[in-house]
Structures are given as structure tokens and as C-alpha cells.
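*Asks:* Sequence:
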Amino acid sequence: MAGRAWEPTKRGAKDLNRWLSKGKTVYTLRNVADAYQTYEDAQLYSAHTFDRQSRLTGEWMTGHLSASGLLAQEGKVYEKPPVGVRNIATPGRQYAAPTSQQALDRARAGDRKKAGSRR
Numbered sequence: 000m001a002g003r004a005w006e007p008t009k010r011g012a013k014d015l016n017r018w019l020s021k022g023k024t025v026y027t028l029r030n031v032a033d034a035y036q037t038y039e040d041a042q043l044y045s046a047h048t049f050d051r052q053s054r055l056t057g058e059w060m061t062g063h064l065s066a067s068g069l070l071a072q073e074g075k076v077y078e079k080p081p082v083g084v085r086n087i088a089t090p091g092r093q094y095a096a097p098t099s100q101q102a103l104d105r106a107r108a109g110d111r112k113k114a115g116s117r118r
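Numbering follows numbering that gives the first Met the number 0, with no gaps: position 72 of the sequence shown is 71.
Source of the hints: derived by calculation from the structure; they are not laboratory data.
A couple of the hints might just be wrong.
Below, in silico cross-link-like pairs of lysine-lysine (DSS-like), each with a Cα-Cα straight-line distance of 27 Å or less [claimed, not checked]: (1) LYS13 x LYS79; (2) LYS21 x LYS9; (3) LYS75 x LYS23; (4) LYS23 x LYS79; (5) LYS9 x LYS79; (6) LYS9 x LYS23; (7) LYS13 x LYS75; (8) LYS9 x LYS75; (9) LYS23 x LYS13; (10) LYS21 x LYS75; (11) LYS21 x LYS79.
Cβ-Cβ distance ranges computed for the label pairs, FRET-style [unchecked claim]: (12) TYR38 x GLN72: 23 to 29 Å; (13) THR24 x GLY57: 27 to 33 Å; (14) GLY22 x ARG105: 50 to 56 Å; (15) VAL84 x THR56: 30 to 36 Å; (16) GLN93 x THR56: 40 to 46 Å; (17) ARG105 x ARG10: 54 to 60 Å; (18) GLY83 x ALA106: 35 to 41 Å; (19) ALA41 x PRO7: 18 to 24 Å; (20) LYS79 x ARG105: 43 to 49 Å; (21) GLN100 x ALA4: 48 to 54 Å; (22) ALA106 x ASP40: 15 to 21 Å; (23) ALA88 x ASP14: 38 to 44 Å.
We put the beta carbon where it would ideally sit given N, CA and C, even for glycine.
With the hints as constraints, model all of the structure from the sequences given.
*Replies:* Right, dumping it as C-alpha cells:
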């Protein structure tokens with residue numbers, strides 16, 4: 000990935016906080032549990048825009064998370080979106096669903112198998 004990246008360490012949090020300014024967006028990667036969503040991509044990225052500074056700590060904030068909180072929660076943070084990885088906010092790939100007739104045929108075949116095994 001091109002651009003800068005910050006590790007979830009004290010040094011990384013300090014460097015990220017110095018680099019940030021109002022309106023800057025950073026990106027994090029998220030792994031998808033493929034056991035439950037086999038149709039989904041293995042990784043997705045999420046965008047975080049920093050829009051204000053905390054009055055208490057002076058750290059840049061994105062929603063309710065500070066820069067150090069984002070590093071602690073999400074892990075490595077990137078300056079540019081990763082190439083070839085889909086944004087989590089965009090719709091996923093579309094797959095054709097079986098027609099209702101195909102679903103009925105499969106259900107009937109399963110019922111016949113169950114009825115045959117009971118005898």
C-alpha cells in the first residue's frame with residue numbers, strides 16, 4: 000500500500016495526531032469472518048474522517064474515537080485506501096438467487112429422500 004501507515008503504539012498515536020488536521024481521512028482494514036459470510040470479501044476497508052479536536056486531551060476525534068483510540072481499536076491505520084479492497088460502506092457483489100421453481104424442486108427432492116429413508 001502506498002502512503003504512510005501508523006502502528007498501534009504510543010509512538011504511532013503521537014505521529015498520527017501530529018499528521019492529522021481537520022477534514023483528513025484515514026483508512027483501516029477489517030477482516031471478515033468467512034465462516035458466516037462465505038460470499039463476502041476476505042477484507043474490507045473503513046474510512047474515518049477527523050473533524051474536531053477533543054477539548055480535554057487535544058487529540059483529533061473521528062466520531063467518538065480519538066486518534067489513539069482508533070489505533071487501539073482497529074490496529075494499523077493507513078493514509079490512502081488499499082488498492083483492490085472494497086469499502087465497507089459500498090454494496091457487495093450481487094449473486095443470483097435460485098428461482099422459486101428451483102427451490103421448490105430441491106425441497107420436493109429432499110422430502111422424497113426423507114420419505115424413502117423412513118421405510
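*Asks:* The hint says 40 to 46 Å between GLN93 and THR56; measuring C-beta to C-beta, is that right?
*Replies:* For GLN93 and THR56 the Cβ distance comes to about 44 Å; the hint holds.
*Asks:* Just to be careful, I want the Cα atoms of LYS9 and LYS75 compared with a cutoff of 27 Å; is the pair within it?
*Replies:* OK: LYS9 and LYS75 at ~12 Å, within 27 Å.
*Asks:* For a C-alpha distance cap of 27 Å, please report whether LYS23 and LYS79 respect it.
*Replies:* holds (11 Å)
*Asks:* Could you check the hint for me, namely that ALA88 and ASP14 are 38 to 44 Å apart, CB to CB?
*Replies:* violated (27 Å)
*Asks:* Quickly compare the C-alpha distance for LYS75 and LYS23 to 27 Å and report which way the hint goes.
*Replies:* Cα-Cα ~16 Å, so holds.
*Asks:* What's the verdict on LYS21 and LYS75, does the C-alpha distance respect the 27 Å limit or exceed it?
*Replies:* holds (20 Å)
*Asks:* Holds or violated: the 23 to 29 Å window for the beta-carbon distance between TYR38 and GLN72?
*Replies:* holds (26 Å)
*Asks:* Is LYS23 close enough to LYS13, meaning Cα to Cα at most 27 Å?
*Replies:* OK: LYS23 and LYS13 at ~16 Å, within 27 Å.
*Asks:* Take the C-beta atom of THR24 and the C-beta atom of GLY57, compute their distance, and say whether it sits inside 27 to 33 Å.
*Replies:* violated (20 Å)
*Asks:* Hint check: LYS9 vs LYS79, CA-CA at most 27 Å. Holds or violated?
*Replies:* holds (21 Å)
*Asks:* Holds or violated: the 30 to 36 Å window for the beta-carbon distance between VAL84 and THR56?
*Replies:* holds (31 Å)
*Asks:* Can the restraint linking LYS9 and LYS23 be considered satisfied, given a maximum Cα separation of 27 Å?
*Replies:* Holds. LYS9 to LYS23 sits at ~20 Å (cutoff 27 Å).
When held up to the earlier numbered hints, the structure conflicts with 13, 22 and 23 and fits the remainder.
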